[in-house]
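Using the hints provided, position chain B relative to the given structure of chain A.
Residue strings, one per chain:
2 protein chains.
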Amino acid sequence: MMEPAIVNNDSKSTIMARMCCWPQDMSKSLIANVVTLLGMTKKLAKDDPRRVIYSLKVGLALTLVSLFYYFQPLYNTFDDSATWAIITVVVVFEYTVGATLVKGLNRAMGTFLAVALAAGTNHLASLFGNIGEAILIGLFVFIFATTSTFIRFFPKIKRRYDYVFLIFILTFSFISVLGFREETHIIEIAHKRMSTVAIGIVVTVLINILIYPIWAGQELHNSIALNMEKIGQCLQGFGAVYMRTDGEAKSKDTSKSYFQGYQSVLHSKSSEETLANFARWEPPHGQFRYRHPWNKYVKLGFLSRQCAYRIDALKAYCNLDIKLTQKFQEEIKEACIKMSLESGNALKELSVCVREMKYPSSLVNAHICSSKAELETLKTLLKSISLYNNTKSNQQSEVLIQTIPMVTVVYLLTDIVDYTEKMAATTYELATIACLGKSKVMNAAEVSPKKSANNFDETNNQPTNQLILITIAEQSDMTANSLYN
Amino acid sequence: MMEPAIVNNDSKSTIMARMCCWPQDMSKSLIANVVTLLGMTKKLAKDDPRRVIYSLKVGLALTLVSLFYYFQPLYNTFDDSATWAIITVVVVFEYTVGATLVKGLNRAMGTFLAVALAAGTNHLASLFGNIGEAILIGLFVFIFATTSTFIRFFPKIKRRYDYVFLIFILTFSFISVLGFREETHIIEIAHKRMSTVAIGIVVTVLINILIYPIWAGQELHNSIALNMEKIGQCLQGFGAVYMRTDGEAKSKDTSKSYFQGYQSVLHSKSSEETLANFARWEPPHGQFRYRHPWNKYVKLGFLSRQCAYRIDALKAYCNLDIKLTQKFQEEIKEACIKMSLESGNALKELSVCVREMKYPSSLVNAHICSSKAELETLKTLLKSISLYNNTKSNQQSEVLIQTIPMVTVVYLLTDIVDYTEKMAATTYELATIACLGKSKVMNAAEVSPKKSANNFDETNNQPTNQLILITIAEQSDMTANSLYN
Chain A
20 MMEPAIVNND SKSTIMARMC CWPQDMSKSL IANVVTLLGM TKKLAKDDPR
70 RVIYSLKVGL ALTLVSLFYY FQPLYNTFDD SATWAIITVV VVFEYTVGAT
120 LVKGLNRAMG TFLAVALAAG TNHLASLFGN IGEAILIGLF VFIFATTSTF
170 IRFFPKIKRR YDYVFLIFIL TFSFISVLGF REETHIIEIA HKRMSTVAIG
220 IVVTVLINIL IYPIWAGQEL HNSIALNMEK IGQCLQGFGA VYMRTDGEAK
270 SKDTSKSYFQ GYQSVLHSKS SEETLANFAR WEPPHGQFRY RHPWNKYVKL
320 GFLSRQCAYR IDALKAYCNL DIKLTQKFQE EIKEACIKMS LESGNALKEL
370 SVCVREMKYP SSLVNAHICS SKAELETLKT LLKSISLYNN TKSNQQSEVL
420 IQTIPMVTVV YLLTDIVDYT EKMAATTYEL ATIACLGKSK VMNAAEVSPK
470 KSANNFDETN NQPTNQLILI TIAEQSDMTA NSLYN
Chain B
20 MMEPAIVNND SKSTIMARMC CWPQDMSKSL IANVVTLLGM TKKLAKDDPR
70 RVIYSLKVGL ALTLVSLFYY FQPLYNTFDD SATWAIITVV VVFEYTVGAT
120 LVKGLNRAMG TFLAVALAAG TNHLASLFGN IGEAILIGLF VFIFATTSTF
170 IRFFPKIKRR YDYVFLIFIL TFSFISVLGF REETHIIEIA HKRMSTVAIG
220 IVVTVLINIL IYPIWAGQEL HNSIALNMEK IGQCLQGFGA VYMRTDGEAK
270 SKDTSKSYFQ GYQSVLHSKS SEETLANFAR WEPPHGQFRY RHPWNKYVKL
320 GFLSRQCAYR IDALKAYCNL DIKLTQKFQE EIKEACIKMS LESGNALKEL
370 SVCVREMKYP SSLVNAHICS SKAELETLKT LLKSISLYNN TKSNQQSEVL
420 IQTIPMVTVV YLLTDIVDYT EKMAATTYEL ATIACLGKSK VMNAAEVSPK
470 KSANNFDETN NQPTNQLILI TIAEQSDMTA NSLYN
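Taken in order, these protein sequences are the chains called A and B.
Just so you know, we're using this note's numbering here: the first sequence kicks off at 20 and counts up by one.
Just so you know, we're using this note's numbering here: the second sequence kicks off at 20 and counts up by one.
Just so you know, the hints here were simulated from the structure itself, not pulled from any lab data.
Check each hint, because a few of them may be wrong.
Note that the list lumps identical chains together, so a pair holds whenever it fits in one copy or between two copies.
[As the list claims (entries may be wrong)] Dumping the calculated EDC-like pairs for lysine to aspartate or glutamate here, alpha-carbon to alpha-carbon at most 20 Å: (1) 288 with 331; (2) 334 with 434; (3) 346 with 395; (4) 211 with 248; (5) 357 with 248.
Bear in mind that the values here come from a model prediction, so they are computed numbers and not experimental data.
Same shape as in the complex, but just chain A:
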């Protein structure tokens, strides 16, 4: 009976102690939370200072638009509908210039369409007396809202003009109902609405372009180059860390840091396509001219993803502890390491070329060539497997089964080398179109990219672009120097 009493006393004193400590604990945890939050904020701002700049730009645009209310004359002209300028700024002010332009254009189109239709239907309805007008306007709202909601399901519309129809429904219902009640004429409402929305769009676009603009094109450019670099790093890591079977180099931390990158590449499709879509609307800026070949970036992104899928499959074979009992297994392993390392080096080099928008250097070609040379070595090795016939038959079959995962790795790496070559060709095309202008592109197309494209089509799995790549490299050393220095 004693024990429970002691426990009770203990728990009572604990509760008392907790009650006393509560304010202290509370303030401590509050301080800890604030510190964590400040740390996160600092990290977010430090990782990408443009976030802070963007936030300040939004604040500035909103304050500017609020001026409509501070100045009496402007207020008299627009009265309440000036709040539409505020709404427009908040909704249209996107992170990149391209996105802002597309959204602004969509909002303008939707508003214009709605205002025009609402004015028409209201005029029609006003011919039918007061009750008839109310019924007709209700009917119009129902019909137009239903129709345009349905239109938003069309795949083409959904991809490009979804926002137009959202704004259309909103503005149409809004204006036709307002026009029915207000004493003022519908044309006046329509005019006010359109001018305030236009003011909102103009202020947003001007501030977004004039003050430290963030271009969707530049974002796409950087993201593609970064993804190629990540894939390259993974391959280097695969060569350096994973294929080592001696255990000590396989520390989890090292391998994790190498393999972190490619995961984000797997799901990059939609963001890249969106950025490419926005980039097309942007005016020429920096190194990007009018009609910059954005589709080449989409192609590079596609090829990077294909590599990432292969790396995902490769990862499964990394943790297999293969006992290398034969000399040829040792040799296969070494060749795999070199092949992976070389294609990793090629991709990293290529990512620099994409970043600086220049022709693939001769170094890229050298790396691709040596990874292909390793592939040839591997083929010879595989052919020589049957020469190890001096062991017993049963033991040999064991050795063969152990070798099979390594052969799969070879196949996956072959695919990756293939895609690396295609990326080199696409980078060459990109540099050609971006640097030489239209007239020279035609000449270049006759000489090289077409040839390489044909090669890809004809030889399905292993395009033999070695020769072309050498030509590319030779040209690039010449042209790149004359262009960039």
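Chain B only, in chain A's frame:
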């Protein structure tokens, strides 16, 4: 000199003829366009009639909300701010109930936060005279707009509360500026704004739930089952069409129809996660109770995607024309066909179980067992390769190299069988939690799913759940019958 004249005459008469035909051509192409559009509309509506219903619901909600303007007394209470109800309906009325609830809640939170803060800051600013008030309000708008724009960059906020902060910025700027100018008190404006937004949300949510609701949970449920079926069909197709080397069965149309499905599974991640997020907010409906295990669907989706990645890799090996010179190659091929077919059958069967939310049937287990049996056959076959020693050494190595792609196929199929087993276990867990309620789940967890989960963790690549699956199947025949009949 004659020829050009003739040409000129010819071209003139052509132009004349074209001018005459122009209205006819125009009307013809117009009619053709309208017919195409009508066809597309009909197809869209027929593919999913809920699209039409959703559009009608939006129309109805907007017409209902417009009633605020038709009835004089309501109009006098809310005047212009009643347009906010219209805007709320248009923006909040999402396709599924879950999405509508989440967006409505976000909008309500954002509005409430903004109104409360705007009232506070306006009261503070009013203490500083007219000019001081204008400057202070401008400053507050700038600070709050900047801060909340930056907050939207926090990953957690971006994922869940992005819309809250958008609405917050909008409403805050709007009300604090309006409150500064208006003769009416800020509390009145705030009250009007909040009630109209609330009316909009209530009307939207009621119409969305009461009239033919489209549940995010049901969508997720169907999409997961469909994806599993697609993967199953691909595997069946791979067995039936691709591994045949006799050419005639490899007709492109047949293979295309088999292989169309899995592509959409590759990119299903974000849509499934979004649906699962929305489904959590939905009230119990149909076969889905409160706290339905939506995370199990996300897991099934993840496993389906893993299978789809493997199928993507398999596709590369389909077009290889392997010359089967040896009996053992013939046997490997046959075993691969059976293995693929059996796991395809298992997945199709499982998809039916998920769709009907019942325990995996004994049929699923039978299919998985026989695909594993094929795997054992394959292992024995591979071990026996070295027995084919009677041919010349060089010829043998050729045969071995030809066999290597088939071995890769075996490895990929092994992965797929592994994932199929995991899917069977997850389907079992899903059925247990969904059908038996909380108390029984605890018991079940002690018996089966925990065991199977451990198995997955410990044996990394080849979980040996055969025994458990047999238990599952036996139980399921019992429980499923007692539950569903």
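Taking 20 Å as the upper bound on the Cα-Cα distance, should residue 211 and residue 248 be classified as within, between, both, or neither?
Neither way: residue 211 and residue 248 sit 52 Å apart in one copy and 55 Å across, limit 20 Å.
Since the copies are identical, ignore which copy is meant and state whether residue 357 and residue 248 lie within 20 Å (CA to CA) inside a copy, between copies, both or neither.
within (18 Å within a copy, 41 Å between copies)
When Cα atoms must be at most 20 Å apart, do residue 346 and residue 395 count as within-copy, between-copy, both, or neither?
Within one copy, since 18 Å is at most 20 Å while 29 Å is not.
For the identical chains here, do residue 288 and residue 331 meet the 20 Å Cα criterion within one copy, between copies, both, or neither?
both (16 Å within a copy, 16 Å between copies)
20 Å Cα threshold - placement of residue 434 relative to residue 334:
This pair counts as both: shortest intra-copy Cα distance 15 Å, inter-copy 13 Å.
Checked against the numbered hints above, the structure violates only hint 4.
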